[in-house]
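Undergrad: As a plain string of letters, each chain reads:
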Amino acid sequence: MTVPAQAPSDIRNAPTEDFIARSRALFPVEAELDRMLTRKMRKRAEPRNPAGYSLDALVVCLERFLQDHGGPGQRIGNPRWMAGGASKIQIAFTLDRPANGGGTEQLDLVMRMEPAESVNTTSRLREVQLLDFFQDKLPVPKVRWLDDDARWFPEPTIIYDRASGVTRPTDQENRVSGIGQRFSPELRRELAPQFMDALARIHTADPAAAGLAAFHRPAPGTTESALLQLNRVRRVWHEDHSFSFPLFDAAGNWLERNLPVLDHATILHGDFRAGNFLFDEGSRRITAWLDWERGHIGDRHRDLAWTTTSSFGNLAEDGKTFLVSGLIPLDEFYHEYERRTGLPVDPARLRYYRIFNCYQLITTALCSAWRIVHLGKTHQDVLIAWVEGVGYSQAQELRRLLLEEL
Amino acid sequence: MPDTIDNAFLACQRALEDMILPAIDRANPLAVEQAQLVLRMLGLLRARATLLHPKARKELELNRSAALAVAGPLRALEPTAADRLEAEAGAAGHLLADPATPTDALNQAAAGIAAHLSAAIATCGPRDDPAARQVERIAIDSQGALIDLHRAWFAPTGFDDTADLPPLDILLAAPTP
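Chains as they are written, first to last, in our numbering: chain L, 1 to 406; chain C, 407 to 583.
Keep in mind that a hint or two might mislead.
[As the list claims (entries may be wrong)] Label-pair ranges, simulated between beta-carbon atoms:
#  : chain 1 : residue 1 : chain 2 : residue 2 : range
1  : C       : A525      : L       : D136      : 46 to 56 Å
2  : L       : E405      : C       : A455      : 49 to 59 Å
3  : L       : H69       : C       : D412      : 48 to 58 Å
4  : L       : H264      : C       : P536      : 27 to 37 Å
5  : C       : A511      : L       : D206      : 53 to 63 Å
6  : C       : P435      : L       : R24       : 32 to 42 Å
7  : L       : R24       : C       : A528      : 11 to 21 Å
8  : C       : D409      : L       : S184      : 44 to 54 Å
9  : C       : D409      : L       : H69       : 52 to 62 Å
10 : L       : G342      : C       : G531      : 32 to 42 Å
11 : C       : G478      : L       : A25       : 28 to 38 Å
Since the hints were made in silico from the structure, they are not lab data.
The structure presented is a predicted model; accordingly, all values stated were derived computationally and were not measured.
Cβ atoms here follow ideal geometry from the backbone N, Cα and C, with glycine treated the same way.
Can you make the complete structure from the sequences, with help from the hints?
TA: Quick look at the structure:
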């Protein structure tokens, strides 16, 4: 859509404390997300500092961090950028250090950090809590360290074990962020049951268990869960937008009028799809579930609607059967989900969260992406600019869904 | 006179493809990925550069059409907002009638109409009134051609299934309802 020429005084480029306070009051969100979104806005007007996010500069940060955390005798080796994601800075490296039983051991590690401003503002603390929580339930990377308040790194940072495996068959075309990834029928037969098993394990885990202190547990029997999610997206739109989009406003009206009641609080991955798991091509086993940054406690239909988003899947060889995440036919996906979790799939709530997810993706792709590219906030602005087109396919889907409801 | 813009785009693409990409360290996947994306982005911009003005005209036409469609049912709820939309639509008509209207002016007018439409829709949200739902429905419906225009614009990025979508030049030439 048309972006009006930005006035030099555009408050969203340099928000005042008053603007931030009003935004927080207008759109109450979970405490931890409020902390991260507020931090984002307070840092927004800081001048660009790409040198501070260079590989060399970040390795210096790593060295300082490990001096303070890892003890003596450690050595960083082979630091290198990792590609594949659109929202975080990731550097792979090895760490040689004295082993407990004598000699040395080598760890294969990943440093995962927010850029100066991400297309998704999320919490590393929450990501660590989820990874720790699922350590004995799913293949997930083991977290070694967290710099939650960015004392050593420019932004909050996790250091965790680098998992082995690939996100896509190596003979397949690379898709940005793994969106619309294709798998052969043979690979689907092996990966689909593991995919469903992981989703069931996540959704049947107890959100009241210890270790998830950075998450708010919304009350079942109320609309709190859906309202917190709606407020989060509205707040991001309010803080990032550069253009008016009547469809988006009409969608917001509908979502607010139709907030669903939560029946059962569930831990959600938040971005459960192909591209966010690694697998071993030889054994065809899933080796790691990644990218938990959108994880929260809420309505399982939010995850279900997200995972079954049309642009995250593709058609099977017959040209007709839609494969969820390129792996499993849609009907089979729902059937397997209910069988494995014992939790029913409610079509009405699924429709609500389909609309909500379009609303979310439009905000990310057209609103936050534009702002951070405009201000030069990431190490891969050209990638962010490239994915803006996703917003219009989601807008078309949102319009279609809303016309069915109104 | 020669078309220097298109030539320059081509030169940039060839520089990237022939000289810069082969020189990038393959061990730096971010640099490789971004150089490839810059190449694709230049291709997209080259294909779209000559269409920026026709797109701005079409976008204003479609926004004007949306404003007029919404203003009627909105009048029963918010007469002042309906007046404002009709005034914006009238001003847009004058801009469109003048073939010399610059692209920026077309864009500003389209953004202005969209802002007024958004403000009008915001007033409908809390109303428990069939008329408010009618305004919302018409507003949502009116966005279809605009969204398709942008889908076609970004079609080369490959994120969208555009098999059902006419090509951009057809959409730009299509009559506005």
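Undergrad: Using the Cβ atoms, figure out if E405/L sits within 49 to 59 Å of A455/C.
TA: violated, 39 Å
Undergrad: Within 53 to 63 Å or not, the Cβ separation of A511/C and D206/L?
TA: holds, 59 Å
Undergrad: Given the hint of 52 to 62 Å, is the C-beta distance from D409/C to H69/L inside that range or not?
TA: Holds, at about 59 Å.
Undergrad: So does G342/L sit 32 to 42 Å from G531/C, Cβ to Cβ?
TA: holds, 37 Å
Undergrad: Does the Cβ distance between A525/C and D136/L fall inside 46 to 56 Å?
TA: holds, 52 Å
Undergrad: Using the Cβ atoms, figure out if H69/L sits within 48 to 58 Å of D412/C.
TA: Since H69/L and D412/C have Cβ atoms about 55 Å apart, the given range 48 to 58 Å holds.
Undergrad: In this structure, is the beta-carbon distance linking D409/C and S184/L contained in 44 to 54 Å?
TA: The hinted range 44 to 54 Å holds for D409/C and S184/L, with Cβ atoms some 46 Å apart.
Undergrad: Could you see if the CB distance from G478/C to A25/L stays within 28 to 38 Å?
TA: At roughly 36 Å between Cβ atoms, A25/L and G478/C fall inside 28 to 38 Å, so the hint holds.
Undergrad: Kindly confirm whether 32 to 42 Å is satisfied by the beta carbon distance between P435/C and R24/L.
TA: holds, 38 Å
Undergrad: Please test the hint of 11 to 21 Å on the beta carbon pair from R24/L and A528/C.
TA: Roughly 20 Å apart at Cβ, these two residues keep to the hinted range, so it holds.
Undergrad: So does H264/L sit 27 to 37 Å from P536/C, Cβ to Cβ?
TA: Hint holds: Cβ distance 34 Å, inside 27 to 37 Å.
In the structure shown, a violation is registered for the earlier hint numbered 2 alone.
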